[in-house]
Amino acid sequence: MNLYTAFVENLKSENVSFHITIRRVLLTGNRVAWMAMLLSFTSCEQTIEPTRQFITYKGDHYSWPKPSESLQSQALTFEARFNESAIYNFGDPALQSNKNKLMGFCDCNSLPHENSARFAWQWFEDRLEIFAYCYNNGVREEKYVGVVNLNVYNHFEIGITSRQYLFRLNNQPTVIMRRGTVCDQGAYFKLWPYFGGHVPAPHNVIIDIGMTY
Amino acid sequence: MNKLSFALTIAAITAFAAQGQQLGISLLGEKTVAGNQCGAQLSLLTKHQWCLGAFYQASWQPTNKEQPITHPFYGVSANAPLIQCDKMNFYFNIRCGVVNKYFVILAPGLETELKISKAFSVSSMMSVRMSYPSAMIRANLKF
Chain A
0 MNLYTAFVEN
10 LKSENVSFHI
20 TIRRVLLTGN
30 RVAWMAMLLS
40 FTSCEQTIEP
50 TRQFITYKGD
60 HYSWPKPSES
70 LQSQALTFEA
80 RFNESAIYNF
90 GDPALQSNKN
100 KLMGFCDCNS
110 LPHENSARFA
120 WQWFEDRLEI
130 FAYCYNNGVR
140 EEKYVGVVNL
150 NVYNHFEIGI
160 TSRQYLFRLN
170 NQPTVIMRRG
180 TVCDQGAYFK
190 LWPYFGGHVP
200 APHNVIIDIG
210 MTY
Chain B
0 MNKLSFALTI
10 AAITAFAAQG
20 QQLGISLLGE
30 KTVAGNQCGA
40 QLSLLTKHQW
50 CLGAFYQASW
60 QPTNKEQPIT
70 HPFYGVSANA
80 PLIQCDKMNF
90 YFNIRCGVVN
100 KYFVILAPGL
110 ETELKISKAF
120 SVSSMMSVRM
130 SYPSAMIRAN
140 LKF
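Protein chains in written order, with numbering that gives the first Met the number 0: chain A, 0 to 212; chain B, 0 to 142.
A hint or two may mislead.
Some, not all, of what chain B presents toward chain A, calculated at C-beta under 8 Å [claimed, not checked]:
#1 3
#2 7
#3 32
#4 104
#5 107
For the record, the hints were derived by calculation from the structure and aren't laboratory data. For every residue, glycine included, the Cβ atom is placed at its ideal position computed from N, Cα and C.
Assemble the whole structure, with the sequences as input and the hints as a guide.
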């Protein structure tokens, strides 16, 4: 006789009614939801630490997880941390200088290769270089932004104005990129880490990203 | 095309309003990953418990005198009834609207309404905002 059977037999022997109905489940669920809600509202702190670890597995381009999220303010602000997995060597400078994408967004109702703004990175000459990487009416543009250290969080921000994207990395000077002609009101989907370029990840690449809302 | 979609929207709202049995006003508070928001909603309710409304909510920071209201979110909200008990109703809710003037978003959720009296009820809702769970409480008054 297993534990559950023993428990039910015990209940029966003591003439305890034992009914699980949809109504009871709903009522209990509702009570739990209300308690959670009240507890949640009594705190001024954020309920969740919005930091995610993105892993691009060996041989893949796209990272995991793949959340579906859209931008909701005029600035995309986040902290990102690379570790030793960002170090790679393809042996060919042309491949080594392929830009890997860190994070950004598609501009108003556009696809990534139409109008978008992202931070990109590459491991080049033994350092991790950060670039501003944009598509402006289908034309790609890149600009060097700076260098970051491994294993520390760095502050990234992409601001949007009517004609420009403003890229900020830590306290370094702002890099300005042109913005394509797009609508104002629409969906601005976020773009997450992507390895490549043409060559997929040579090993698992791990990036921690903490969003600032 | 814009005129056609506008005409269709007006026709749909008029058809819904024609079936409307009650008018509802709600005050709401929502806790999202980005902070707390408060606001209000005006709704039309049908006799089959469907609900269509317009809402406005924003983060209110009275200590910030330069910009006390931030991240305004306004749009339309629709409730579809899932289960109805004695004093309790469960709904699927979807909010579609604009945040910070430019950013169109969809926020699905599940709402539980607890009837206090014939005209007054309170609701709790779990929904998804910015891809994280958010919690909302709402006080509803029906006319």
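Hint check results:
Because the beta carbon of residue 3 of chain B sits about 19 Å from the nearest beta carbon in chain A, more than 8 Å, this interface hint is broken. The closest approach between the C-beta of residue 7 of chain B and any C-beta of chain A is roughly 19 Å, which is over the 8 Å cut-off, so the hint fails. Among the interface hints, the one on residue 32 of chain B holds; its C-beta lies about 6 Å from the nearest C-beta in chain A, closer than the 8 Å criterion. Annotation: interface hint on residue 104 of chain B holds; nearest CB of chain A at approximately 6 Å, less than 8 Å.
At its closest, the beta carbon of residue 107 of chain B sits 12 Å from a beta carbon of chain A; the interface hint therefore is violated under the 8 Å criterion.
Going down the numbered hints, you'll see the structure goes against 1, 2, 5, while the others check out.
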